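With the sequences and hints as input, model every part of the structure.
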Amino acid sequence: MTAMARSFSRLTLGGKILFTLGPILFLLTIGLVLLIAIAGKPIVDFLATNIWLVRFVVAATAVLLMSVPTAFLIIYMEMKIIALMNLRIGPDRVGPFGSLMSVIHGLKVLAKEDFSPTGADRLVFTLAPVAVFMSTIMALLVLPFAPGLFGADMNIGLLYLFAVSGLSVVGLLMAGWSSFNKYSLLGGLRSAAQVISYEIPLILSVVGLLLLAGTMSLNQIVVKQGGWFWNWYVFQQPLGALIFFIAATAEANRTPFDLTEADSEIVAGFATEYSGMRFGFFFFAEYVNVFVVSGLIVTLFFGGWNAPFPWPWPITLNIDPGSLGLGLLFAILIVPPLLILALAAPFYLGRSSMPWWQALIIGFVLFNLLVIVAITGWAFVSWNWVAGLMVFLGKSYLFVFTFVWMRGTLPRVRIDQLMGFAWKWLLPASLLNLFVTALALVVVNK
Amino acid sequence: MSLVPGLGIAKGMALTLKKFFEPKATIKYPEVRLDVPPKFRGRLQLLYDEYGTLKCETCFQCAQACPIECIDMGGVDTKGRYHIHWGAPETYGERRDESALRRSGRPVPNQAYEHFDPIHPDALMAILERFDFDPKNMLHILESTQAEYGHLPVAALKLISQKTGAWYAMIYGAASYYRHLRLEPPSAEPLAAATADARAGRETTFLASFDAALFGGTAPGASHGTAIAGAESPGTAPGAGPARA
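Residue numbers (our numbering), protein chains in the order written: chain A, 1 to 446; chain B, 447 to 691.
Please keep in mind that the hints were generated in silico from the structure rather than gathered at the bench.
There's no promise every hint is true.
Unchecked claim - Computed list of lysine to aspartate or glutamate pairs in EDC-like fashion (alpha-carbon distance at most 20 Å, straight line):
{"no.": "1", "chain 1": "B", "residue 1": "Lys609", "chain 2": "B", "residue 2": "Asp563"}
{"no.": "2", "chain 1": "B", "residue 1": "Lys465", "chain 2": "A", "residue 2": "Asp153"}
{"no.": "3", "chain 1": "A", "residue 1": "Lys224", "chain 2": "A", "residue 2": "Asp153"}
{"no.": "4", "chain 1": "B", "residue 1": "Lys604", "chain 2": "B", "residue 2": "Asp643"}
{"no.": "5", "chain 1": "B", "residue 1": "Lys470", "chain 2": "A", "residue 2": "Asp92"}
{"no.": "6", "chain 1": "A", "residue 1": "Lys182", "chain 2": "A", "residue 2": "Asp121"}
{"no.": "7", "chain 1": "B", "residue 1": "Lys609", "chain 2": "B", "residue 2": "Asp578"}
{"no.": "8", "chain 1": "B", "residue 1": "Lys474", "chain 2": "A", "residue 2": "Asp92"}
{"no.": "9", "chain 1": "A", "residue 1": "Lys182", "chain 2": "A", "residue 2": "Asp92"}
Said to hold, decoys possible - Estimated spans, in silico, between C-beta atoms of each pair:
{"no.": "10", "chain 1": "B", "residue 1": "Leu480", "chain 2": "A", "residue 2": "Asp153", "range": "57 to 67 Å"}
{"no.": "11", "chain 1": "B", "residue 1": "Leu480", "chain 2": "A", "residue 2": "Pro96", "range": "16 to 26 Å"}
{"no.": "12", "chain 1": "A", "residue 1": "Phe162", "chain 2": "B", "residue 2": "Leu453", "range": "26 to 36 Å"}
{"no.": "13", "chain 1": "A", "residue 1": "Ile319", "chain 2": "B", "residue 2": "Lys470", "range": "17 to 27 Å"}
{"no.": "14", "chain 1": "B", "residue 1": "Leu453", "chain 2": "A", "residue 2": "Gln417", "range": "14 to 24 Å"}
{"no.": "15", "chain 1": "B", "residue 1": "Leu453", "chain 2": "A", "residue 2": "Gly148", "range": "21 to 31 Å"}
{"no.": "16", "chain 1": "A", "residue 1": "Asp153", "chain 2": "B", "residue 2": "Tyr475", "range": "47 to 57 Å"}
{"no.": "17", "chain 1": "A", "residue 1": "Pro69", "chain 2": "B", "residue 2": "Pro476", "range": "27 to 37 Å"}
{"no.": "18", "chain 1": "A", "residue 1": "Ser7", "chain 2": "B", "residue 2": "Lys470", "range": "51 to 61 Å"}
{"no.": "19", "chain 1": "A", "residue 1": "Ile17", "chain 2": "B", "residue 2": "Pro476", "range": "28 to 38 Å"}
{"no.": "20", "chain 1": "B", "residue 1": "Pro469", "chain 2": "A", "residue 2": "Leu349", "range": "25 to 35 Å"}
{"no.": "21", "chain 1": "B", "residue 1": "Leu480", "chain 2": "A", "residue 2": "Tyr183", "range": "19 to 29 Å"}
{"no.": "22", "chain 1": "B", "residue 1": "Lys470", "chain 2": "A", "residue 2": "Leu28", "range": "44 to 54 Å"}
{"no.": "23", "chain 1": "A", "residue 1": "Asp416", "chain 2": "B", "residue 2": "Pro476", "range": "30 to 40 Å"}
For clarity, every value in this text was computed on a predicted model and none was experimentally measured.
For each residue, glycine too, the CB sits at the ideal point set by N, CA and C.
Okay, here's the thing in structure tokens:
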């Protein structure tokens, strides 16, 4: 035993990881092979009859995996865009243009002490960030990213979405209450008051849209906005879109309504006692929530994955590389080096100070970029889900940019202004919107 | 509150968007280094040479060149403006005396921390009036003052500065530049004269060896070599002549 421990301790870090993970992976592979050999047929039959289960597991995994780079990207956008608006440069040390800065942030949060205060309700304290994060992730499940690319096409999709995103209030209250700190409790209650107040105009502003669309399925709502961009619901429901945007800003705890954790004023509201990755989960949830809210605005009011004009979706390119026969093999061998040389040549010939190897590296990078662009373009025109995904992500990040832009511009409102605005202005306005829409529908249908 | 609700918000958003696209003034220092003007010398400070002695020769060129007169040797500001004390006053005085002595062989009084002897100003005022209080006639004024008082007292220089409007630093520079002007009574003269003679001798020998090194041999007879030597001797004569006399 001691000899084994000693020899293990002499390994380098990579060796330790290899010697730990290698046997585990080996055993898992053996087990999987045995499982398939022995019980493969019944399992496959079971999964084939219950295909929804497979879809659910795949969707949940995909959404969980997607949330991490999304949050990283939005954190980076926030740092960089606000810096540029403040006439600063912002992060520029880690990665190209500082784009890996948010990864460093994530690692920092991971490496911090996971502290819980004396007297805290440990179980609730631990579960609170999970509840907040889970509500965000569950909202992401029904968002239609592209035609055919969504977790679940529920016929009550919108209702489900509001229900699960309302669950985050429970997480906030849990965090505030279990911290054993009256300021955290106050912060939690304040956050709950804000989120619940703004949920009412948020939902009421969509009811007019629901009357128009006649369905709660997000996928169907997007399909109904197809064609030219004037079919988007923002042109039929401008007031509703505005109210939804404002209420969604408050719902996502963004400036000017970010009183739940106003970084520059109060310590952190409900998250005062949190540190390490538990705090990181709140942080993560907040930024994924920004994406969810942006995607929701795009889905409901800005045509979702529809391009602004009738897109001739699937274009079949008559490319059959197999017809080249043996020539294909030679092409694969010869074309890339030739292209690299061709791309490197102008740099080598044009700048006498550049050594040949630098020109070659530039040519190689340019060649790779060219290939990536070509493949993406080919996928874009060939598969409508790729095009739809790009359109949806583009629109969504436009709204993410708008949220960050607002944070770079607007000052924070006071708590009484916040509540007064929700109850005195947004609620009557959303009711008016609902009334006018219903009246118009009745008049038109008559 | 404007007429259109939300107009202020739109204005603010437009402003931040404009700033977003503006070029940033930040210079990433260790990688990017700004080109400074060639005469830029950074912070004002006195430097020491490799032997630990002060490099300052109290030549007053810095004080004369400073456009806002913030440099003033000895911390005396003739016009009541900014000035810089280079170090603690007592050490400054010592440094200044030491370096000035090293340079000229004459003791230089510290005007700031030593009282200077008063003079009777009537004669000086007459001289100044004769030269119309014009700083362009400074050399004549100084020569006349030395002829009147025997040397150039500090009080006289102060008065000249006050009446003509010239900087004290410039007057002192002029007075200390010309060897026939003296800042001390003639009792201290033998020492200075001996120093000046020694220096003149050294100069002559150096020039001779320099010529030899330049034109080779002792008497090359080259026409331009003698021409330069001929042009050299009248140039040195006015400076060295009176001091030797």
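Structure-based check of each hint:
| no. | hint | verdict |
| --- | --- | --- |
| 1 | B/Lys609 - B/Asp563 | holds, 19 Å |
| 2 | B/Lys465 - A/Asp153 | violated, 42 Å |
| 3 | A/Lys224 - A/Asp153 | holds, 15 Å |
| 4 | B/Lys604 - B/Asp643 | violated, 30 Å |
| 5 | B/Lys470 - A/Asp92 | holds, 13 Å |
| 6 | A/Lys182 - A/Asp121 | holds, 14 Å |
| 7 | B/Lys609 - B/Asp578 | holds, 10 Å |
| 8 | B/Lys474 - A/Asp92 | holds, 10 Å |
| 9 | A/Lys182 - A/Asp92 | violated, 40 Å |
| 10 | B/Leu480 - A/Asp153: 57 to 67 Å | holds, 59 Å |
| 11 | B/Leu480 - A/Pro96: 16 to 26 Å | holds, 25 Å |
| 12 | A/Phe162 - B/Leu453: 26 to 36 Å | holds, 32 Å |
| 13 | A/Ile319 - B/Lys470: 17 to 27 Å | violated, 45 Å |
| 14 | B/Leu453 - A/Gln417: 14 to 24 Å | holds, 18 Å |
| 15 | B/Leu453 - A/Gly148: 21 to 31 Å | violated, 43 Å |
| 16 | A/Asp153 - B/Tyr475: 47 to 57 Å | holds, 55 Å |
| 17 | A/Pro69 - B/Pro476: 27 to 37 Å | holds, 31 Å |
| 18 | A/Ser7 - B/Lys470: 51 to 61 Å | holds, 54 Å |
| 19 | A/Ile17 - B/Pro476: 28 to 38 Å | holds, 35 Å |
| 20 | B/Pro469 - A/Leu349: 25 to 35 Å | holds, 32 Å |
| 21 | B/Leu480 - A/Tyr183: 19 to 29 Å | violated, 48 Å |
| 22 | B/Lys470 - A/Leu28: 44 to 54 Å | holds, 51 Å |
| 23 | A/Asp416 - B/Pro476: 30 to 40 Å | violated, 49 Å |
Going down the numbered hints, you'll see the structure goes against 2, 4, 9, 13, 15, 21 and 23, while the others check out.
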